[in-house]
Each structure stands twice: as structure tokens, then as C-alpha cells.
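Novice: Sequence:
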Amino acid sequence: MKKYNLEPTLYPIFRILVGLGFLLHGGMKLFGWFSDKGPVQLMSLFGLAGVIELVAGLFILLGFFSCIAAFFGAIDMIGAWVVSHTGIMNGALKINPLTNGGELAMLYLAAFLVIIAKGSGKLSLERAIFGKEFFH
10 MKKYNLEPTL
20 YPIFRILVGL
30 GFLLHGGMKL
40 FGWFSDKGPV
50 QLMSLFGLAG
60 VIELVAGLFI
70 LLGFFSCIAA
80 FFGAIDMIGA
90 WVVSHTGIMN
100 GALKINPLTN
110 GGELAMLYLA
120 AFLVIIAKGS
130 GKLSLERAIF
140 GKEFFH
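Counting in this note's numbering, the sequence shown runs from 10 upward without gaps.
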């Protein structure tokens with residue numbers, strides 16, 4: 010039975026989709042893209058989260074210093090889960106991501122841990138420009 014190694018094909022697709030999703034999430038916060046809520050205030054925690062999501066998403070999408078971008082994305086998702094989803098800021102404590110709406114933050118965190126471990130990969134702007142990956 011012939012074995013196929015799909016990782017070289019699937020990992021760039023994974024990284025690009027995670028980056029695109031995070032970029033759009035940041036764009037929704039900062040510019041109101043695809044939202045009826047409109048943009049958040051830039052000088053707020055949500056504004057800071059939007060900047061991190063937009064910039065980290067773009068860097069991950071392009072494969073440019075993906076490890077660093079994923080690190081900031083992971084910190085952002087931990088913060089989002091604690092501040093927005095656990096209810097700790099208003100005295101409640103709901104830690105189950107299925108009941109507190111934090112499952113997307115949990116999945117992004119897992120994706121960022123994979124990207125931190127794997128780096129930008131062969132199909133990346135970082136390798137195209139520098140011929141190698143930094144911070145990996």
C-alpha cells in the first residue's frame with residue numbers, strides 16, 4: 010500500500026485559512042466588515058484585539074513571521090476567552106467553552122499552537138524573501 014504525505018500540501022492550506030479567518034475577524038472589529046454592529050473603538054480592549062487579529066491574521070495568511078504572529082494571536086485568544094467568555098469581569102465564572110461561547114477562541118488557540126510549532130512552512134513569503142524561516 011502506497012503512503013502519501015499530505016502535510017506539505019495541507020499545512021499551507023491550514024495556515025492560509027487560519028490567517029484569513031483571523032484577519033477577517035480583526036477587520037470586523039476595526040472596520041465593521043461583514044457586521045451590522047459597526048467598528049469598535051480603536052482605543053479599547055476590543056480595538057487592541059482587532060489590531061492584533063488583523064495584523065497577525067495577515068502575517069499568518071502570507072506566511073511572514075508566522076510563529077511570532079501566532080504567539081500574539083494565542084495571547085489574544087487567551088485574553089478573549091478570559092475577558093469575554095468566562096464572565097470573570099462581571100462576577101460570573103463560566104469556564105466551559107461550549108456554554109460560554111468561547112469555542113472559537115479555543116479552536117484559534119489550538120491552531121496558533123500548531124503554527125507556533127510548525128512555522129511558516131515551505132510555501133511562505135518569509136521563505137520567498139529570505140530563503141529560510143526565522144524564529145523556528
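Think of the hints as simulated: they come from the structure by calculation, not from any bench.
Among the hints, erroneous ones may be present.
Restricting the straight-line Cα-Cα distance to at most 25 Å, the calculated cross-link-like pairs of lysine-lysine (BS3-like) are [unchecked claim]:
id: 1; residue 1: Lys-131; residue 2: Lys-141
id: 2; residue 1: Lys-141; residue 2: Lys-127
id: 3; residue 1: Lys-12; residue 2: Lys-131
id: 4; residue 1: Lys-12; residue 2: Lys-127
id: 5; residue 1: Lys-141; residue 2: Lys-11
Per label pair, the in silico range of CB-to-CB distance [stated by the list, open to error]:
id: 6; residue 1: Leu-107; residue 2: Ala-137; range: 39 to 45 Å
id: 7; residue 1: Phe-143; residue 2: Leu-107; range: 34 to 40 Å
id: 8; residue 1: Leu-26; residue 2: Met-98; range: 26 to 32 Å
id: 9; residue 1: Ala-137; residue 2: Gln-50; range: 32 to 38 Å
id: 10; residue 1: Ala-101; residue 2: Phe-139; range: 23 to 29 Å
All values derive from a computational prediction rather than experimental measurement.
We treat Cβ as the ideally placed atom computed from N, Cα and C, and that holds for glycine.
Novice: Hint by hint, note whether the structure agrees.
Specialist: Now for the hints, and whether the structure bears them out:
With a C-alpha separation of about 9 Å, the suggested pair Lys-131 and Lys-141 falls inside the 25 Å cut-off, and the hint holds. Only pairs whose Cα atoms come within 25 Å are accepted, and Lys-141 paired with Lys-127 is accepted, the gap being roughly 13 Å. Taken as a hint, the Lys-12 and Lys-131 pair is honoured in the structure, with Cα atoms around 21 Å apart against an allowance of 25 Å. For the hint pairing Lys-12 with Lys-127, the CA-to-CA distance comes to about 22 Å; that is within 25 Å, so the pair holds.
Of the supplied pair hints, the one linking Lys-141 and Lys-11 is violated, its CA atoms being roughly 31 Å apart against a limit of 25 Å. Between Leu-107 and Ala-137 the beta carbons are some 40 Å apart, a value that agrees with the proposed interval 39 to 45 Å. The hint said 34 to 40 Å for the Cβ distance between Phe-143 and Leu-107, and at roughly 38 Å that hint holds. In this structure, Leu-26 and Met-98 meet the distance hint of 26 to 32 Å, their C-beta atoms being roughly 31 Å apart.
A C-beta distance of roughly 37 Å is found between Ala-137 and Gln-50, which places it inside the suggested range of 32 to 38 Å. Between Ala-101 and Phe-139 the C-beta distance comes to about 47 Å, which lies outside the given range of 23 to 29 Å.
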